[in-house]
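Undergrad: Single-letter residue listing:
Protein chains: 2
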Amino acid sequence: MTSFTKAEGIPLYVKIRENLREEIKLGEYKQGEKLPSEDELAIKYGVSRMTVRQGIMDLIDEGLVYRRHGVGTFVAFPHLERDHSRLTNFFESALKEGIKVSAQILTMEVIPAKQKIAAELHIEEGDSVIHIKTLRYTDDVPVTVHDAFIPHKLFASILTRDLKTLENQHLWTILESYGYRLKRAVQRLEAREAGEEIAELLNIDTNAPILYKERTAYADDGTPVEFIFCYNRGDMYSLTVTLER
Amino acid sequence: MTSFTKAEGIPLYVKIRENLREEIKLGEYKQGEKLPSEDELAIKYGVSRMTVRQGIMDLIDEGLVYRRHGVGTFVAFPHLERDHSRLTNFFESALKEGIKVSAQILTMEVIPAKQKIAAELHIEEGDSVIHIKTLRYTDDVPVTVHDAFIPHKLFASILTRDLKTLENQHLWTILESYGYRLKRAVQRLEAREAGEEIAELLNIDTNAPILYKERTAYADDGTPVEFIFCYNRGDMYSLTVTLER
DNA sequence: GAGTGGTCTAGACCACCCG
DNA sequence: GGGTGGTCTAGACCACTCG
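One line per chain: the protein sequences are A and B, in this order.
As numbered in numbering that gives the first Met the number 0, residues 0 to 244 make up the first sequence, in order.
As numbered in numbering that gives the first Met the number 0, residues 0 to 244 make up the second sequence, in order.
One or more of the hints may lead you astray.
[Claimed, not checked] Okay, derived cross-link-like pairs now, EDC-like style, lysine to aspartate or glutamate, Cα gap no bigger than 16 angstroms in a straight line:
1) B:K33 with A:E123
2) A:K33 with B:E21
3) A:K113 with A:E124
4) B:K33 with A:E124
5) B:K14 with B:E32
6) A:K29 with B:E166
7) A:K43 with A:E61
8) B:K29 with A:D146
9) B:K132 with B:E175
10) B:K43 with B:E22
11) A:K33 with B:D220
12) A:K152 with A:E123
[What the hints assert, rightly or not] Residues from chain A that face chain B, not an exhaustive set, calculated with beta carbons under 10 angstroms:
13) D60
14) G69
15) K152
16) F154
17) A155
18) H169
19) I173
20) Y177
21) R187
22) L188
23) A216
24) L242
It should be emphasised that the hints constitute simulated quantities derived from the structure, not laboratory data.
Virtual Cβ for every residue (Gly too), placed ideally from N, Cα, C.
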């Protein structure tokens, strides 16, 4: 009997979810093996069945377990990291892999929005936007050129910040400090030739392949908070994403 | 009073979800506007509050509405199509955009799995895999070369099918007909130069940029069912994905 | 038929936000 | 304080799967 009681403000379904996750990780339930039924878990944890279900639902979304109606709940096979399909930033994901990363801000300016950028940010053409051009390095090799655009109206005071501070944290961290909850980003990806300007910045051939990326990031109420163009060295940069049905 | 009663086997929360979606689409609740509270909706639909919540939860996952604890539920701003972050296939998504697509199978063979493919498919090196090499066209222009590998053990009888049939439906449709529920796919993307073989098939320069993609597709129990290499013409192909937090 | 997950109820109390 | 969403209960019946 592992009876859980509400305490410390942590919801019961979270405790149950984490307890199950832990037991799976420790191999108490092996891959492909059936978990106890929802009724059994409800008794084991001393909660109602709905509460158990709420915890299990999260694990299903993660792909850690799966259900078969009328059969049971089972531990799924691979523990594939969904991290790369999540909104994670350059610093987080590179650091996790033990890569040294750094960034250098080349330009920070306020300009009137061109048509495309205005459309992406849901503002009027000519409205002020903050443009931040950044060169990013991994292990001191220049890998990526970023052109970020954020609505001046929402984030004007960002301009008062020290460039060094901006270089050392991701823009998203800063945008969130303004009370926007970043929820999703839409990325468009293409392969292109570098072209002169990018080739020079990245120190590669003019016709070298570049992974070109456009991205619009949205807060959870749907407000677009950032639009970027992003040019990544083809031979140094790859991107992993997870698609879900 | 729009009271819903259980009928036709459609769950109440699904009816409520679709009813809300429809009302939002018709503009009865406008962007940024507050929906009725959960209590009010429960009364309106003649159901319990938990049932209303279950319906709303789906709309939140879609990004159609968002919630603020202690404040209310609101209609989110853009109706951004998450389609491209979903597991959708070549035929579906291109057809939706009115593009004529076709495919030609160049090779279908059974070969022993090389190390990388075996690792991705969770089988032993040397185990049999079915290799299907396909050239895909949009509007009669060759755009993509596919090298798909699927475990022979799971799908051996696919070899008995007519090539013409295989060309005209997506592999995933076929894999699902074997009882596997495709749930997620992990893709790795790079920009590369075409190289001789691909350049010739796609009728482009040897050093033209290619959007290179590796993808592993998994059933919901975690079984890998397909691994592919994919070479896409940089100037004709772009990929849109949505990242979620 | 027995066991499982899927849906649903009619309440309850809490945490959060606002004026 | 009043309204909102967040969590939770102790049941119920249904739909599905399997032996």
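Undergrad: Each hint needs a verdict: does it hold in this structure or not?
TA: Right, here's what the structure says about each hint:
Straight-line distance between C-alpha atoms of K33 (chain B) and E123 (chain A) comes to about 25 angstroms, which puts the hinted pair past the 16 angstroms bound. The straight-line distance between the Cα atoms of K33 (chain A) and E21 (chain B) is roughly 39 angstroms, outside the 16 angstroms bound, and the hint therefore fails. The straight-line distance between the Cα atoms of K113 (chain A) and E124 (chain A) is roughly 6 angstroms, inside the 16 angstroms bound, and the hint therefore holds. The hinted pair formed by K33 (chain B) and E124 (chain A) fails the criterion: a straight-line CA distance of about 29 angstroms is larger than 16 angstroms.
Proposed proximity of K14 (chain B) and E32 (chain B) is contradicted: the alpha carbons are some 21 angstroms apart, above 16 angstroms. Distance hint between K29 (chain A) and E166 (chain B) is unfulfilled; the C-alpha atoms sit about 39 angstroms from each other, more than 16 angstroms. For the given pair, K43 (chain A) sits about 23 angstroms from E61 (chain A) by alpha-carbon distance, which is inconsistent with the 16 angstroms threshold. With a CA separation close to 33 angstroms, the supplied pair K29 (chain B) and D146 (chain A) exceeds the 16 angstroms bound.
Annotation: proposed proximity of K132 (chain B) to E175 (chain B) is violated, straight-line Cα distance about 20 angstroms (limit 16 angstroms). Using a Cα cut-off of 16 angstroms, the hinted pair K43 (chain B) and E22 (chain B) holds, with the two alpha carbons roughly 14 angstroms apart. Between K33 (chain A) and D220 (chain B) the CA atoms are separated by roughly 12 angstroms; this keeps the pair inside 16 angstroms, and the hint holds. Distance restraint check for K152 (chain A) and E123 (chain A): the Cα-Cα separation of roughly 12 angstroms lies within the 16 angstroms cut-off, and the hinted pair is therefore satisfied.
The criterion of a C-beta within 10 angstroms of any C-beta in chain B is met by D60 (chain A), whose closest approach is roughly 9 angstroms, and the hint holds. Contact between G69 (chain A) and chain B, as hinted, is not supported at the beta carbon level, the nearest pair being about 15 angstroms apart and thus beyond 10 angstroms. A hinted interface residue such as K152 (chain A) counts as satisfied when its beta carbon comes closer than 10 angstroms to some beta carbon of chain B; here the least separation is about 15 angstroms, so the hint is violated. Interface restraint check for F154 (chain A): the shortest CB-CB distance to chain B comes to about 17 angstroms, outside 10 angstroms, so the restraint is violated.
Violation of the interface hint for A155 (chain A) is found here, the shortest Cβ-Cβ separation to chain B being roughly 21 angstroms, above the 10 angstroms cut-off. Given the 10 angstroms rule on beta carbons, the hint for H169 (chain A) is violated: about 13 angstroms separates it from the nearest Cβ of chain B. Proximity of I173 (chain A) to chain B is violated relative to the hint, the smallest CB-CB distance being about 16 angstroms (cut-off 10 angstroms). About 16 angstroms separates the beta-carbon of Y177 (chain A) from the nearest beta-carbon of chain B, more than 10 angstroms, and the hint is not met.
Because the beta carbon of R187 (chain A) sits about 5 angstroms from the nearest beta carbon in chain B, less than 10 angstroms, this interface hint is met. With a least beta-carbon distance of about 5 angstroms to chain B, the hint placing L188 (chain A) at the interface is held under the 10 angstroms criterion. About 9 angstroms separates the beta-carbon of A216 (chain A) from the nearest beta-carbon of chain B, less than 10 angstroms, and the hint is met. With its C-beta approaching chain B no nearer than about 5 angstroms, L242 (chain A) sits inside the 10 angstroms limit, and its interface hint holds.
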